[in-house]
Amino acid sequence: MNNLINACTDLLCEVREKSPLIHNITNYVTVNDCANAILAIGASPIMADDAKEVEEIVSISSALVINIGTLNQRTITSMIMAGKRANELNIPVILDPVGAGASILRNKTIQEILSQVKINVICGNLSEVSFLAGLKVSTKGVDTAKVDEKNDAVVIAKLVANKYSCVVGITGKVDIISDGIRVAKIANGHKLLSRVTGTGCMTSALIGSFCSVTNDYYMATVIGIATMGISGEIAFEKTGIIGTGSFHISIIDALSNMNSTCFLERAKIDETKN
Amino acid sequence: MNNLINACTDLLCEVREKSPLIHNITNYVTVNDCANAILAIGASPIMADDAKEVEEIVSISSALVINIGTLNQRTITSMIMAGKRANELNIPVILDPVGAGASILRNKTIQEILSQVKINVICGNLSEVSFLAGLKVSTKGVDTAKVDEKNDAVVIAKLVANKYSCVVGITGKVDIISDGIRVAKIANGHKLLSRVTGTGCMTSALIGSFCSVTNDYYMATVIGIATMGISGEIAFEKTGIIGTGSFHISIIDALSNMNSTCFLERAKIDETKN
Amino acid sequence: MNNLINACTDLLCEVREKSPLIHNITNYVTVNDCANAILAIGASPIMADDAKEVEEIVSISSALVINIGTLNQRTITSMIMAGKRANELNIPVILDPVGAGASILRNKTIQEILSQVKINVICGNLSEVSFLAGLKVSTKGVDTAKVDEKNDAVVIAKLVANKYSCVVGITGKVDIISDGIRVAKIANGHKLLSRVTGTGCMTSALIGSFCSVTNDYYMATVIGIATMGISGEIAFEKTGIIGTGSFHISIIDALSNMNSTCFLERAKIDETKN
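Chains Z, W and L, in that order, are what the protein sequence lines are.
Count the first sequence with this note's numbering and you get residues 376 to 649, in order.
Count the second sequence with this note's numbering and you get residues 376 to 649, in order.
Count the third sequence with this note's numbering and you get residues 376 to 649, in order.
Incorrect hints may have been included.
No distinction is drawn between identical chains; accordingly, a pair holds when it is met within one copy or between any pair of copies.
Unchecked claim - Calculated cross-link-like contacts (lysine-lysine; reagent style DSSO-like; alpha-carbon spacing at most 27 Å):
no., residue 1, residue 2
1, K566, K393
2, K548, K393
3, K538, K393
4, K483, K566
5, K427, K613
6, K548, K459
7, K613, K548
8, K538, K613
9, K427, K548
10, K459, K643
11, K427, K459
12, K643, K560
13, K560, K427
14, K643, K493
15, K613, K566
16, K483, K538
17, K548, K566
18, K643, K483
Just so you know, the hints here were simulated from the structure itself, not pulled from any lab data.
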């Protein structure tokens with residue numbers, strides 16, 4: 376296990392050293408937080424969503440993060456164009472299926488993206504990823520819905536990972552990451568993270584940042600999710616009692632101060648091959 | 376009067392308990408603040424504005440907040456579609472007529488919404504609501520314009536409430552709320568609230584949150600506006616001297632800590648039936 | 376030199392006194408920060424980008440700031456319509472050429488704006504302005520690229536200022552402002568400003584605020600850039616060690632507290648006519 380955590384800290388150093396450009400086609404609710412989270416972890420964000428420029432922009436970038444939080448006809452086209460170009464150039468593509476299951480438009484868009492673009496990492500909450508697994512989900516907006524208790528997040532993560540040949544991250548009280556074979560569980564995080572909008576979106580942006588400096592997208596997903604969880608814990612310790620506004624800002628503070636020492640001390644990552 | 380304030384605190388508890396989903400079709404300037412204000416008060420935000428999904432999204436929501444701050448052709452259609460569907464399902468619709476009177480597009484859009492959608496609450500500043508009353512207004516952008524001194528906010532609120540059979544909230548130094556018969560005046564708030572963008576938009580988002588748990592939209596409007604006013608006072612006490620950036624964050628902090636005790640201690644609500 | 380700095384403080388007082396309306400057609404990443412920066416310095420922001428209203432909105436405004444950060448087909452039309460109307464009414468137009476050189480769409484849009492609209496101030500980083508000078512630039516997204524070392528920022532600023540008969544501001548470690556004849560260098564600022572998204576966008580919004588109260592756009596650009604630099608220094612002193620989230624908020628705090636005394640004490644402006 377120490378090997379995985381140590382490897383994670385190497386990725387952290389590499390992002391800070393290389394400052395890779397991360398192209399985001401994302402929603403207008405949390406876009407500012409995503410840009411600042413990417414900067415805080417040491418990478419460089421670019422947000423561009425017009426069909427006339429996304430292929431060029433992605434081609435100068437080191438990762439593409441597609442987030443369907445406030446999708447519309449105009450940007451769906453851009454997501455697919457950028458994704459295809461990223462595939463041609465072997466640039467990793469991360470998909471955050473915000474609100475999967477909540478509307479036919481979201482469901483069809485996700486299917487369209489998955490059928491036309493090779494996605495390297497899918498990261499969402501349990502109800503979103505359960506929808507991708509083909510399970511019946513009673514979605515309540517963009518937050519986690521109750522999934523049939525009999526289903527297990529590990530089973531769902533592996534199922535979706537194998538279905539789409541990608542890495543899957545499921546955020547929750549315990550985060551699950553799987554590439555279809557390996558499974559990591561992360562026990563970091565704080566429940567207050569769900570009281571601030573954009574913590575899921577920022578997590579996907581962080582995963583994109585780490586994917587840009589390695590071919591091991593499983594590890595990049597582990598560190599991306601762990602980094603947000605640890606930042607949530609630190610933010611809660613520093614400002615949780617003050618309120619969710621200060622907690623929100625403190626998450627970015629913690630990300631900007633994240634280093635190997637902090638990560639090694641705090642990371643609660645458990646890996647099983649089963 | 377104690378009855379009204381006590382009833383308000385019941386709504387506060389109910390929002391925190393039920394965490395209702397609030398659908399917002401809003402502007403991209405203050406959307407993040409609106410989402411975080413809704414979360415801070417205990418509800419759950421969803422922002423969706425594509426015509427292909429708004430009817431579905433509103434149908435799983437408990438209130439719809441329409442804010443025309445950065446309206447455009449694409450979202451106007453969505454606003455009306457979502458509003459009509461909300462009407463069919465008896466889901467309350469709140470309209471924030473940002474910048475009413477500032478352009479023909481805004482004026483026509485407001486009239487179009489009001490003619491096609493049954494609005495339950497209109498909340499704006501004096502110049503915006505005066506425009507809806509048919510008064511001549513010299514609007515200066517999206518902020519309050521000087522309205523003819525002879526007009527009285529109470530008269531205007533009642534006039535518009537009766538004209539559109541809805542509850543009207545007029546925010547200002549003293550906030551006025553009327554359902555056409557009852558009139559409440561709120562003396563909470565702080566002038567620094569006008570130095571941060573989005574405090575009006577957040578107020579409408581809060582009203583939507585409270586409307587989702589009651590049929591008494593008058594009371595929901597009273598508590599929505601009072602909650603923002605009280606949060607502004609607390610934020611000023613804690614961070615006013617530091618600057619408007621910290622004050623902005625502190626408003627969300629205060630909303631997230633708002634409870635019955637705080638509300639009962641601070642609320643300055645005066646009701647008259649006249 | 377004291378004359379220039381003293382004149383700057385007069386502009387600061389005038390903005391706070393008159394609270395001019397500043398029309399922004401900008402990107403959705405940093406729009407909230409731009410609005411709050413404009414409010415913090417004492418002016419009043421309006422964000423409107425639909426082609427059907429931008430001519431009306433700009434006609435009630437005192438300056439127009441065009442920022443191409445997340446440009447798209449819909450807003451490009453609006454930028455040009457608003458710009459032309461501003462020209463007719465002698466309202467100053469500020470252009471922030473975000474990411475110039477990064478895509479054909481951005482490059483063509485900038486050329487189209489510059490050919491159809493008389494721009495009064497262009498403000499960007501060295502790679503963006505170098506692109507406008509016709510120099511070969513290896514752009515890396517929206518951040519500063521390495522420009523051929525032989526080129527000098529002063530030469531480039533003057534070249535672009537003369538080419539487009541406007542004032543040019545180049546932000547960097549030392550900021551350069553030129554109207555083609557006069558050249559000012561500002562040594563304020565802090566490197567942490569590049570770790571928060573939107574500090575460039577906010578700078579352009581501040582320049583717009585100052586241009587709205589004077590015909591001397593050179594001086595307005597000097598004070599706009601200097602104000603952001605000084606605010607960055609103050610923010611670093613107060614919160615730099617805490618993290619980039621707090622630093623971000625502290626920039627707005629510093630802008631909201633900016634006054635003549637602070638400006639006179641801190642401004643490091645050097646002017647040469649060469």
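Structure-inconsistent hints, enumerated in ascending order: Per hint list: 3, 4, 5, 6, 8, 9, 10, 13, 14 and 18 violated.
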